[in-house]
Amino acid sequence: MAVFQECLQQFNKSPIDAKKCRSLLAKLLRLIYSGEVFPAQESTTLFFSISKLFQDKNQSLRQLVYLTIKELAATSDDILMVTSSIMKDIQGGDSVYKPNAIRTLSKVLDSTTVNAAERLFKNAIVDKNPILSSAALISSYNLLPIAKDVVKRFTNETLETLQSYKQFPSSQFELHEYYGNSTSNLPATSFMYQYHALGLLYHLRNYDKMALVKLITSLSEGSSLKNSLSIIQLIRYINKILVDDESLIQHLYPILAGLLKHKSDMVELEACKTLINLQHLIKDDQFMNIITTLQKLLSVPRTATRFAAIRLINKISFKHPEKIIIVNIELEGLINDPNRAISTLAITTLLKTMGAGTIDTGSTGGESVDRLITKMTSLMDEITEDFKIVIIEAIENLALKFPSKHKKLVAFLTDLLREDGSLLLKTSIVDALFDLIKFLPDASAKQLILMNLCEFIEDCEFTELSVRILHLLGDEGPHTTNPSYYIRHIYNRLVLENSIVRSSAIISLAKFASVCGGDVASNVKILLGRCLNDVDDEVRDRAALSLKFISSNQKKLIVSDSKYDLAALESKLTHYLNNEANFATKFDISEVPIITNEELKSLEYNKKVNKLDEGSTDASESASKDEGKKDTEKAGSDDVANDLLKQQEYAQELSAYPEFEAYGKLSKSTMVPVYLTEKENEFVVTVVKHFFIESKKLVLQYNITNTLPRSVLQDISVIAQPDNEDYVEDFIIPLSELKPDQTGTVYVSFSTPSIEDEELLAAFGNTVAYTNKDIIDEEGNVDERDEGYTDEYQVDDLEIVSGDFVTPLYNSNFTAIYDALPSYQSSVAHISGADTLENAVTKLKSTLNLLPLDGSDYVPSDSTSHILKLLGKDVWGGKVAVMIRLANSSGKIVAKIEAKAETENFSAIITSGAY
Amino acid sequence: MSLNTSLYTISAVLILDNEGSRLYANYYQNKPQAHQKDTTHVINSEFQTTAQQLKFEKSVFPKINKVHQDIVLYDNHLITYKQTNDVILIVVSKINENESLIYSVVANLFESLNILLSNTVDKSTILSKYDLVTLAVDETVDDGVLIEIDPAIIVSRVTKAPEANVKIEVNSNTLFNAFKIAQRIGDKLQQGL
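Protein chains in written order, with our numbering: chain L, 41 to 955; chain C, 11 to 203.
Next up, chain C with everything else stripped away, as it sits in the complex (with noise of 0.2 Å):
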């Protein structure tokens, strides 16, 4: 096992749905770059094609799908996950990479997530913001380097959807719905004293 010296960290990060296909896929320092004479910046071959990472990602599911233990050993990867409803979240790293690191990587990963869409992570939601999914995991890995693993950090650096230029209507109907969530507000800061 050779030392990983260098920054590059993390080979993929994955959002499997629960049948094992793809709601997004990442795979660093596979794509084709100008000079590779450098050794600290080898390819990853074996993700070099749709197809391999696909093979492989059909190979990983059945061995994770429903097993919540957090982090396990495959085929020469060190692969940590987190699942809940109908979604799991894969960090994948070299198999001597630092365990305890990994899997800070994707529970932060996941706490960000859950932040960014309203602790509702599943498969409809991550769809339909999918803007924000992506946001968050590039300010969380740049092609396998590791930029920040504060959850807090990384969901303040993901812009919401700009506000759409709409007409701000008040009739009764939208009054009354202020007043509700109002009236909601209020009961919860009740609740909370």
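Isolated chain L (complex conformation) (with noise of 0.2 Å):
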């Protein structure tokens, strides 16, 4: 604390020598700026006797004493002190430190000495100096969250300012040589004080949109913005407002196209990134004006702005491939960047482009997948390994998306897989690999990627691979066409590995004898019976376990076909370790829910999709930023898993009220709430659909926010009126009382007519009654004597729809189930509310519920018909498949929709209402 003890000692003499105390502010700067933190009472210290330094006049020390002050600001106690000293400067001070007075006053001043400095920020805010007025403006900014109120009324000044022209004062503050010693060389103004004045503005209006959308209208024409900054900034508010209300955007879209041509490339990229943004917004041929500048930024010589770029293009490739085909020659020229990142992108968005193309052009575009894949194997030689993964996922996204093209993709991954390589990089090819024989349709593709795998483990170091094959092997071999051609290759591995892999080939030939039987049995007991005088005792365990297994027929015990929600254990666990009470009864395993095989991969599938469309946007943009991948993939997974977690959690909300008690097992929760008022009114209400099958229950669970805050109200019910007669009320549970930004929950439930009965869809009217009491006092109290006034509140109404009824479920093969379910019936509609075909998909995705499969939920964009193939699985246990076509016959959809349901009566209810 050398620094400490001479600061004190130095600035507290006198006279004050300048140079020596800037050098020592320099010295305390250092400390605090490498993250040296001073206890509040030597800050406070500290802070006093800087404050003695405001005796100097000296410009040069006043500045850095503004720095320090404001960076000691946040931790040192009485900071009030220097306020009028610093009030004192912005008054009457040299204008070289005026706007570092007033940028530290900001962090000085609390909510309530604010008040005293409006007069001075006013002043400093239309000052004709620009430098001070941006440094006034940021100053208001910083003190918007503790004093918005003062801050408001300096509206009419920001305004002012913003259409000002300010110049730098004829003599700028300090000349370094440079420059030499006329000002000639430098600017007049930057115009920054605009950026600021918008900046400050926007928080002040963005409540009012009409004055908004003027505010933005009258900036936009002629050039009143100078600044590069301040157009992105209105670019961005533009943004903002079309985001809430796409109604705007034939009034707004020429600023924005406008802007596409600019002499500044930053304001040229964010006029990129707001209308790809909002490309569902605009037509094609103003598409292709974004997709022009892109390409004319792809070959600016500022490595940012290329990066910037090929990101957008990225971006855009993961759901209209088609629209950037035109780019694909400066996308090749950019696989050899010096920047790898930009390389890496230039190629996951050749492999998108390329898949796009093979659809357009049928056989033809096989030829360019073929280029690019020649390209990429020359390639591969020279590139980092982090760099062949992002390029691996890629190469399995397009395998996924376009199954016909398999054989070249798995041929280019099994090729990769022969050569040198980490584990890491094994891995993700062997992961790549395992995904396509879960999710190909085409039994040939399973049975070259399980024969190439075969060979890979005759020659693999890696232990824990080659177990996980042997693991996949046992699993899919056997229900392949030659189950012995596996058998010798697993053979071969009990010879030759050591013995973690000997055991796991060892249940992996077991699987083989449980489900092939017959003579593949007879002789997988032989080779096992061989393995009982294996010299490590794990391998002859098993081996005699699954002998034992086998010739018992135990076949359940070799062959899992269901697991447990693992989600839902650890909650069910946690929920009963936490109570001692518990253990007086046994853990019950059957209240998990048993996930089987076929549910797991709709759920895998998911995953992998949702993967695919939005986190790998993130997750393959860089190879270099691994670890933030891995956090965007975590967080896309976790969402479906979270679904199942979630009803869970739900079941567990019901059981706490007795009522519900009766009503048995839950049997469906709607995921996502469904508001019944915009989200910004005085009640915020939400509502969740909870189906109880068996006891034949519905019971709605509405979230109620109460956003007013001076009224609580009490005595909350919601009266909800089915229009279907069939929905007979039993009990409302009310909610007592909601103070200010409480959310509380009122329950309904209803009796619901069975699945035999005519109409099971209804519709609720929904209405809130409730007493409003006015809050008096600070702390929220109510007068007790108030009686309030009862009052109702009429919301949304509320649908039940087929889709509440259905879980999707994944299957590679779709014909196969449509084909083989009973219950057919169809209907033709006309899909109100879409004007493309690809709306019409995602309309139809999200009321239906169900799972697209054979990637039927990728539309072309030119082309005119479509057909959407949905699966899913309804709560009477039976599968629904859902053929539908969609024809586009000048901006209406129609849809004709076939509909196969296992349960009877069902298949009408989901053409009924998939409109």
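Note that these hints are calculated values from the structure, not bench results.
Hints should not be assumed to be uniformly reliable.
[As the list claims (entries may be wrong)] Computed spacing ranges between beta-carbons, pair by pair:
1) C:Gln-193 <-> L:Val-77: 50 to 60 Å
2) L:Ile-907 <-> C:His-78: 45 to 55 Å
3) C:Pro-72 <-> L:Gln-326: 39 to 49 Å
4) C:Phe-186 <-> L:Thr-123: 46 to 56 Å
5) L:Pro-378 <-> C:Asp-197: 36 to 46 Å
Since this is a predicted model, take the numbers as computed values, not measurements.
The C-beta atom is built at its ideal place from N, Cα and C for all residues, glycine as well.
Two chains, two frames, a set of hints: combine them into the complex.
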């Protein structure tokens, strides 16, 4: 703490040695910026002695004093004591440190003292010196959270500044040798104050949409905004408005389109970004303008801009690869870019556009895939491993989206597998192949990959991978046409490998025996018999156990066709262990839902596809940010697993009410709460539907949030009126009180008709009834004598749709399932509210709550008809398959819906509800 | 990716040396403020403590050291940087920021330092003229808000260290020095012609 002592000594000296003090302050700052935190008391002492330096008039010293005060303000007490010195400087001080003073002031003020500085701020904002004006605007901006009311009064001054023209004072503050001794080399103004004024104004006005639109329109006319940063900010506000209200696109698009051609590439980039975010709102030819701009940006020398442009193109390629085929030539050039991130993105994007090309042009598209693969094969030798991993992922995705191309892609992957590589690289290849086996519909593809994997383990140095592959062979091999081929390979492992691999090989063999039976079983028995003399006891044990199971025909013990839902199991167990009282009874494993392999597959498929669509936008962005990538992937996959967990949570919440006890097991809850009000209303009401199919009950869970700051709501209930007479209300569990910003729940229970009845679907009219009492004091109490007034509040209707009764299901062979289902129903409908095939597909997917199969949710943008295949499982345990033929005739989407279901009557419900 | 409509653009400005240790580190918006209800003022909890900050620097450094790629995405941050001699200047922002803008910030700040430190941006100069460095950064970014990106203006806002109050001695030695300097300038002028 030598610096600390020295500071105290020097600063208290008189007269003050400016040079010495400035270098001491620099030392102090060095400590602060290295992460040193002074304890409050030391900091306050320092603060006090620094305030002595205000006696010295030296500009250079004063500027650094302000910086130090700013940095120390967060940790010191009694910071208010410097307020008057600072204010004096702002009023009469030197123009060099005035801006610093004003920026420091915002750190020193608190919500009680800010009023005193109001006049000062106003004057500074309209000051002719742009730097002072900027400083005042930034300070006001920083004060927003603590003194919004005061800052609001600056609105007029801010507006005035935004439209004014301010020049730097003729003598620059400090001239450095670099610029010689004249100011002619220096710019007259940078218009940064426009950026700051606009930023502040937005926050003062963003609750008034119309005023904001007006401001944007007036600013975009002519060239009133001269600063690139302020234009970027303007673009962002336009984006924000359009996200909230899409109907304004006609009005605002021309502004954005005009900015696609600007002298500054950051503005162009921002305009592209925004338009891509809003691409569902703009027409195809307008979209081409974006591509043209991006194409231009791809070839600029500045790495950052190229990177940004390719990032955007990559983003487009996830949804509309066909739209960027025209930049393929530029992309191919970028494969050899010195920036690795850029070349990675170029390749992954190319892989996407190649895929799209295949669909569009049929057989000729195959050649482009070939060409790219040759190009990549030659490149693969030169690039690093994390880069390779990204490419492997991209290839896997391509194969999943376009199963017809699998042969070439699988060949590419297996070639890569044979070459040298680290465990990480091999793992990612094997992972990709595993996924392909699971999700490719073609049986020959499965066989091809399995054979390649067999070859790989013949010569695999990684025990971990061998074990995984052996496990997979055990699962998949028995169902193929020539199981003996795999048995031979697996047996080779038994002879040649270490004990870990041997023991997993044994389990794998046992699976063959129990699934195939007959000759295979007796042969496997002989093989396993030989292992009973193995040197390793684990191997011996497993062999003996497997033999026992096979001979006693305990197929279930060897081959599992289902597993417990791990997330649910975990939460149940934690719940069980948290309370010792639970220990009296045994943990009931039957409460944990069991996931069959089929369901597991649909979960994984969902995860995969989600990752494909969203996660990978970021995931594949750059090989070098692998850690960040993992996070996004995790987030994506959690989503799916969470669904089941969420259901558990709901069940637990409901079980807290004795009224629901008799209802039995919760069959299904809707996952996403439906909003019945606007999100910014006085009350925000969301609803979750809980179905108890066995006992034929429906519980509506209304979550009500009170956003009124000055009112307490009491005796809240919801009156739900069904339009279907078969729904009979049982009871309501009302909410006794809701304070401001609190959320509470009202349950309404209904007896429902069963599937055999005519009408299963219904709509509910909802009204919230409550007693309103005003809050009279700061603690949020209400007047005891106040009886309040009762009121009713109507919210939106709630519909029970077919999607509430199904969960998405995955299967690689849609046609077979569809053909096998008995109950058939069809209808023709007009899809309202969708003007393109793509929108119609998205809409149908979400209303029907079914899983699209065979990549049928991907609509090439230029086609006029499309077939959507959807599969799911209903709450009665039957499968539901829906085939929808969509046609686009002059902007109207017509759909022929054919639904087949195992449960009688249900297909009719689907066809009637699907528009 | 939510849209950033606030003026808070920069998450941190860092200067690291060739071994990745700090010369200057300023993380914005992580200082505790009285009221944080306003959604525009989200605390960046990731860099709350010095330990978290150091961990971040430590993990970023190997990714950018001696790889002159200007820009990199790392762990949900957009990072732009400039490396010369034994120092790296780094500007960190959120991942969805305008890449070109953030790069301009780092390039122009770098240019400003270059001017202020008379074209010798290295560890020892930065430490000996630390006041100029801190002021330059402070005139570029205030609490995450960009103040100015034009290097000429940034530089002209930074005051030089005050002159020491020493008496000017005039003797043969100082005169000789002055003559030398004049001669050098003369040479330069001639070259210029």
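Comparing the hints with the structure gives:
1. C:Gln-193 <-> L:Val-77: 50 to 60 Å: holds, 52 Å
2. L:Ile-907 <-> C:His-78: 45 to 55 Å: holds, 51 Å
3. C:Pro-72 <-> L:Gln-326: 39 to 49 Å: Because 44 Å falls inside the window, the suggested range holds.
4. C:Phe-186 <-> L:Thr-123: 46 to 56 Å: For C:Phe-186 and L:Thr-123 the Cβ distance comes to about 53 Å; the hint holds.
5. L:Pro-378 <-> C:Asp-197: 36 to 46 Å: At roughly 40 Å between Cβ atoms, C:Asp-197 and L:Pro-378 fall inside 36 to 46 Å, so the hint holds.
In summary, the structure agrees with every hint in the numbered list given earlier.
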